[in-house]
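Those protein sequences? They're chains D and R, same order as listed. Numbered per this note's numbering, the first sequence spans residues 1208 to 1351. Numbered per this note's numbering, the second sequence spans residues 27 to 106.
Just so you know, the hints here were simulated from the structure itself, not pulled from any lab data. Ideal placement from N, C-alpha and C gives every residue a C-beta, glycine not left out. Fair warning: there could be bad hints in the mix.
Said to hold, decoys possible - Below, a sample of chain R positions facing chain D; criterion: calculated Cβ distance under 8 Å: (1) Q35; (2) D50; (3) A83.
As the list claims (entries may be wrong) - Residues from chain D that keep clear of chain R, each with C-beta distances beyond 10 Å, as calculated: (4) V1275; (5) A1299; (6) T1322; (7) I1340.
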Amino acid sequence: MRTPFGSAVLDAACRLLVPFVLIFAVYVIAHGHDSPGGGFQGGTILAAAVILIRLVHGQDAIWGLTRVGALRLACGGVAVFAGIGFLSLLFAGNYLDYGVLPLPLETVKVRVMGTLGIEIGVAMAVTGVLVLIFDALTAWGEED
Amino acid sequence: MVSLSIFFQVLIVVCAVAAVFTHDLLAAVAIFGAFSFFSAIYFAILGALDVAFTEAAVGAVITTVFFVTAIFRTARRTKR
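Could you build the full structure based on these sequences and the hints that come with them?
Okay, here's the thing in structure tokens:
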């Protein structure tokens, strides 16, 4: 949104709400293999927090994530996903076969760590793409 | 439990039909958000908590915001 429509009440509510939303998103991402949730849902909640900030404060008073930053986040998420996949290919496993990664842990823990890395990559990609879709929808004809 | 699932099935169908036949697009988007919430609750009743979580996050929050911003760029009412 180029022009914000925030008032004092909306501003205060946004400032109260956003930290809890971010903490919940990180919890959903990190705890995704033991409870409902995962990379996609956590990334969606992260994007919801960023979009809430954009709705209240506008794009000029930007806070946290610029448009180029969102693009970099999306590409970085894809790079993390593909990088972990090809890393396990490098250590004589299959693509996304985390068990062969040379971490100083048991095999089960190594698999958990690999899944966590994949979910972080998915969350980064989903957050960046959703914020980019919102920016593309609200860009009123002007391009920068 | 069966009566509860039938209740939410009826609510989902009513919300879908109302969202299609509403001429005010903003009201249609609001009804579509209600549809998403009811289907999320129905998924949770069926035991698919992961799908319900995804439906509540994507269908009810992100899709509604995207539709409202898209309506800002067009006319609010459909032609009769």
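These are the hints, each one checked on the structure:
1. Q35: This interface hint is violated because 22 Å lies over the 8 Å limit.
2. D50: 20 Å, violated
3. A83: At about 4 Å, which falls below the 8 Å cut-off, the nearest Cβ of chain D leaves the hint on R/A83 intact, so it holds.
4. V1275: 20 Å, holds
5. A1299: 33 Å, holds
6. T1322: 14 Å, holds
7. I1340: Check fails; 7 Å does not lie beyond 10 Å.
Hints 1, 2 and 7, counting from the list given before, are not met by this structure.
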